[in-house]
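Peer 1: Make the full structure from the sequences, and use the hints.
Protein sequences, first through last, are from chains Z, E and W. Note that the numbering used here has the first sequence beginning at 1, numbered continuously upward. Note that the numbering used here has the second sequence beginning at 530, numbered continuously upward. Note that the numbering used here has the third sequence beginning at 890, numbered continuously upward.
It should be emphasised that the hints constitute simulated quantities derived from the structure, not laboratory data.
Some chain E residues near chain Z, calculated using beta-carbon distances under 10 Å:
no., residue
1, K533
2, F543
3, T544
4, I547
5, L555
6, E650
7, A651
8, E678
9, T682
10, R689
11, Y690
12, H691
13, S692
14, S695
15, E696
Just so it is clear, the structure is predicted and the values come from calculations on it, not from any experiment. Glycine residues also receive a C-beta, built at the ideal position from the N, C-alpha and C atoms.
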Amino acid sequence: MLFTSYRFILFILILFILYYIIPKKLQWMLLLLASYLFYSIAGLRYLIYIATTTLSTYLISLRLNQLQSEQSSFLKEQKDSLDREGKKAYKASMKLKQRRWLVLCLIINFGILAVLKYSAFTITNFNGVLNLLGTKPLPLIGFVLPLGISFYTFQTMGYLIDIYREKYPHERNIFKLALFISFFPQLIQGPISRFDDLKETLFSEHSIDGRNISFGLQRILWGFFKKLVIADRMLIAVNTIVRNPEEFQGVYVLVGMFFYAITLYSDFTGGIDITIGVAEVLGIRIRENFERPYFSKSIAEYWRRWHITLGTWFKEYLFYPISISKSMLELTKSSKRRVGDWLGRRVSIYIASIVVWLITGIWHGAAWNFVVWGLLNCFFILASQECNPLYERFHSRFHIRHTFAYRLFQVGRTFWLMSFLRAFDCYRDVGTTFQMYSTLVTRWNYSELFQGGLMQLGLTIADYIVLTAAVTLLLVVSLQGRSGSVREKLAARPFSLQYAAYTVLFIAILILGAYGVGYDASQFIYSQF
Amino acid sequence: MKKKILIHIGAALFTILILVLLQRLLMPKYISTIHEGNLIAEYYDEVKEHEVIFIGDCEVFSNISPITLWEQYGITSYIRGSAQQLIWQSYYLLEDTLRYEKPKVVVYNVLAMKYNEPQKEAYNRLTLDGMRLSVPKLRAIKASMMEDEAFITYLVPLLRYHSRWSELTEEDFKYMFHRDTLSHNGYLMRIDTKPVTVVPKGKKLPDYRFGPNSYDYLERMTKLCKENDIELVLIKSPSVYPYWYEEWDEQIVEYARENELTYINFLKYVDEIGIDYNTDTYDGGLHMNLSGAEKFTSYLGQLLKEKYPLPDQRKDKRLTKIWQKKMDFYYAMKADQDEELKEYGYLKSYGAVAQSIEEE
Amino acid sequence: MEIIIEILSGLHPEVDFETMDTLIDNKILDSFDIVSIVSDISDEFDITIPVEEIVPKNFNSAKALYAMVERLSEE
Numbered sequence: 001m002l003f004t005s006y007r008f009i010l011f012i013l014i015l016f017i018l019y020y021i022i023p024k025k026l027q028w029m030l031l032l033l034a035s036y037l038f039y040s041i042a043g044l045r046y047l048i049y050i051a052t053t054t055l056s057t058y059l060i061s062l063r064l065n066q067l068q069s070e071q072s073s074f075l076k077e078q079k080d081s082l083d084r085e086g087k088k089a090y091k092a093s094m095k096l097k098q099r100r101w102l103v104l105c106l107i108i109n110f111g112i113l114a115v116l117k118y119s120a121f122t123i124t125n126f127n128g129v130l131n132l133l134g135t136k137p138l139p140l141i142g143f144v145l146p147l148g149i150s151f152y153t154f155q156t157m158g159y160l161i162d163i164y165r166e167k168y169p170h171e172r173n174i175f176k177l178a179l180f181i182s183f184f185p186q187l188i189q190g191p192i193s194r195f196d197d198l199k200e201t202l203f204s205e206h207s208i209d210g211r212n213i214s215f216g217l218q219r220i221l222w223g224f225f226k227k228l229v230i231a232d233r234m235l236i237a238v239n240t241i242v243r244n245p246e247e248f249q250g251v252y253v254l255v256g257m258f259f260y261a262i263t264l265y266s267d268f269t270g271g272i273d274i275t276i277g278v279a280e281v282l283g284i285r286i287r288e289n290f291e292r293p294y295f296s297k298s299i300a301e302y303w304r305r306w307h308i309t310l311g312t313w314f315k316e317y318l319f320y321p322i323s324i325s326k327s328m329l330e331l332t333k334s335s336k337r338r339v340g341d342w343l344g345r346r347v348s349i350y351i352a353s354i355v356v357w358l359i360t361g362i363w364h365g366a367a368w369n370f371v372v373w374g375l376l377n378c379f380f381i382l383a384s385q386e387c388n389p390l391y392e393r394f395h396s397r398f399h400i401r402h403t404f405a406y407r408l409f410q411v412g413r414t415f416w417l418m419s420f421l422r423a424f425d426c427y428r429d430v431g432t433t434f435q436m437y438s439t440l441v442t443r444w445n446y447s448e449l450f451q452g453g454l455m456q457l458g459l460t461i462a463d464y465i466v467l468t469a470a471v472t473l474l475l476v477v478s479l480q481g482r483s484g485s486v487r488e489k490l491a492a493r494p495f496s497l498q499y500a501a502y503t504v505l506f507i508a509i510l511i512l513g514a515y516g517v518g519y520d521a522s523q524f525i526y527s528q529f
Numbered sequence: 530m531k532k533k534i535l536i537h538i539g540a541a542l543f544t545i546l547i548l549v550l551l552q553r554l555l556m557p558k559y560i561s562t563i564h565e566g567n568l569i570a571e572y573y574d575e576v577k578e579h580e581v582i583f584i585g586d587c588e589v590f591s592n593i594s595p596i597t598l599w600e601q602y603g604i605t606s607y608i609r610g611s612a613q614q615l616i617w618q619s620y621y622l623l624e625d626t627l628r629y630e631k632p633k634v635v636v637y638n639v640l641a642m643k644y645n646e647p648q649k650e651a652y653n654r655l656t657l658d659g660m661r662l663s664v665p666k667l668r669a670i671k672a673s674m675m676e677d678e679a680f681i682t683y684l685v686p687l688l689r690y691h692s693r694w695s696e697l698t699e700e701d702f703k704y705m706f707h708r709d710t711l712s713h714n715g716y717l718m719r720i721d722t723k724p725v726t727v728v729p730k731g732k733k734l735p736d737y738r739f740g741p742n743s744y745d746y747l748e749r750m751t752k753l754c755k756e757n758d759i760e761l762v763l764i765k766s767p768s769v770y771p772y773w774y775e776e777w778d779e780q781i782v783e784y785a786r787e788n789e790l791t792y793i794n795f796l797k798y799v800d801e802i803g804i805d806y807n808t809d810t811y812d813g814g815l816h817m818n819l820s821g822a823e824k825f826t827s828y829l830g831q832l833l834k835e836k837y838p839l840p841d842q843r844k845d846k847r848l849t850k851i852w853q854k855k856m857d858f859y860y861a862m863k864a865d866q867d868e869e870l871k872e873y874g875y876l877k878s879y880g881a882v883a884q885s886i887e888e889e
Numbered sequence: 890m891e892i893i894i895e896i897l898s899g900l901h902p903e904v905d906f907e908t909m910d911t912l913i914d915n916k917i918l919d920s921f922d923i924v925s926i927v928s929d930i931s932d933e934f935d936i937t938i939p940v941e942e943i944v945p946k947n948f949n950s951a952k953a954l955y956a957m958v959e960r961l962s963e964e
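Peer 2: The following block contains the structure:
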């Protein structure tokens, strides 16, 4: 069920009404029911995967909890009889036990994900090797990915690791855990929520609240605007360019990157707006996933502001565990001795970063283009980190650091750098992407663009006018958003103005949205991941 | 508090008003092209006293002229035809018509029996958008929708036509609230000529049986007429194309025999009717032009008159007055088309453009 | 405590670590800094800092870091 389908709108309308007329105690159960209904509409057989994840996580979290309480009561009893060493040894043995269970659960769940998502990719590459050796290729197995599996697997494993780390108590009610895993607004494309974060509002009782409802609906409306008016319209041009690489080269590659940047942003953040808005109407608070990423001044900053919850996940559950693991620290120590402090200090960070970005790459898709994309991201982040002292010296000499123009330059640089990297995502093929890069220089067709070139991309002048106006609005709202919530600001204005603003937005979506006959229904770009 | 609620209600009503206006503006008007789009809606403004109702696809609205039936036999009739009208649409249009009047005879053109499933969104629109909201309309929508269509877009056509905002013309503003009548009791007049050059042979089909869905609605149509004491007449118009297979003809003959209905395949009486395919069609045999339609109607009227008790209504002064107006309009249009044909060589404002689009 | 200040100052000489208590919240320390700090502290104090200790509240100020080190060395 697409967010932008009539069915989804009907679905949430019915849910909203039911949610506030049933006894408040039952509210979270209704959400569980709705989430499973939502999921089974995508395909009944997918339920088995999400159920496996839920059950395995639940059982193992119980086991972890049991071991943890066993440990604390044992330590309490033996408080005086055990010496420090003894305690330490006991703790270590208990930790090992817990770790075994944790690893088992991680293997089950990431195993499912890996088999479903990566077997075709692995077999294809394996066959490449077999081919070199002159052996017969293996048959390809193609699985259809269950809805949102990358998202819920990560979210659930984050939960279990937190339990293992004793960050917060585990959930005793399996149905509540099931709701946390399957909560339908965030099922398709995140955000990846943390349990302690979401449970505050997910399971509590909510009475009808005008502010929640109007703010939520506004947010949904804004999401639809971004998605239907901007993303789905611009996607037509993006697809024309990237699907015909032999025809659209040179300046068109640049246009494609620029349009794709806007399309992806509007599509993904529009979807997240709908997610957060739906939850808000239900009185549930979901964490923000974006913080105006295109205003970032460096790639590292960009990744702290784009798809925040995924970045946080990788930092907490992959980057730190690798970079501060015992063996890593030892490696750091020995390399410091051998190659000096400067390089030694970097070994662990580099290794951890490369692993994180490699996996971030494959998380986005099982293909080489994403691997290259991830590694390039990593390269640029590390390189700019290293160049920092250089910049500092340059800045202090020329006193340009805080000028507006310089900041604008930084923002522009980051935006274009990211757009260039994203070409790997557009063309989905490493060779083609590099070939297109080269046409930027070799095919000097920059004058063509405004001599009819733009008209060949499947959009009309009317479309360009709408896009220009809509993107300008998006930009203005983003700029306004830097100094606090735009909705809050608007809510402080007179009713007539608010009413006019939202009516115009609503009608703009209805009339200008790229939906229905004549427009291809496009899935949210991010839900493929 | 009370005041606040009132303000909200007022605001909501205002929004709805804007949406209604926008919907009127954005819906296609079918004035300068594709006149077929107006056929279904025009019926509702009529004085609904018709003895004969025709239902079916272009083979009724292009080939039969109610004015001729009136002029020659004093029969009052109306054509509820539309482009590629599918049989379930014909059935529900009949149900819809029966809400307003009870004709003595219903004539159904059987060509659409060949379609067992919905064919094309655009044709669905031409038939369904014109229907007034009613239970038959809802059922017709349900029966007609293609897989990728959404029910709500028929109830709120704005959702379907919103993207027309960039192609609005003066016409859309001019006819927002009122549209001119374009048909003559459901007949679309064309006086130009394009002779039949080739008589296309029918391609071999894997299966000649009409689909179960088609039969189901034919049976329901038969039943509905029986219940209402209406004579159902099945016809196949004398258009040479789309090809009407002998195997199809046999099935209708069989069905008519079993259900004691009259079925006439007029393709077999072409000479008797006097149709000359060099002068009587405007598109090489798909549709009759005025000359062909008048010849066919004259023949058909004779048959109906002989077979069914259809008294001459021309004695009724009130009806005569109404029909006189229709005749005036008919002949005025004929003259206008004559002139246009002389001036431009083709019917500029009577659908010649749309026709070429359709044929592509 | 001096050792910790020294470690921190090595990374960001421009910050006054005696008083600053929003090192994470104000994004002064990034994840690379944190790894460096953990590595230096483990060396200096001969302790292991487990991953679950890497939370903003332990890294927001030199004081908080010191408290964490004290706690971990006692265990």
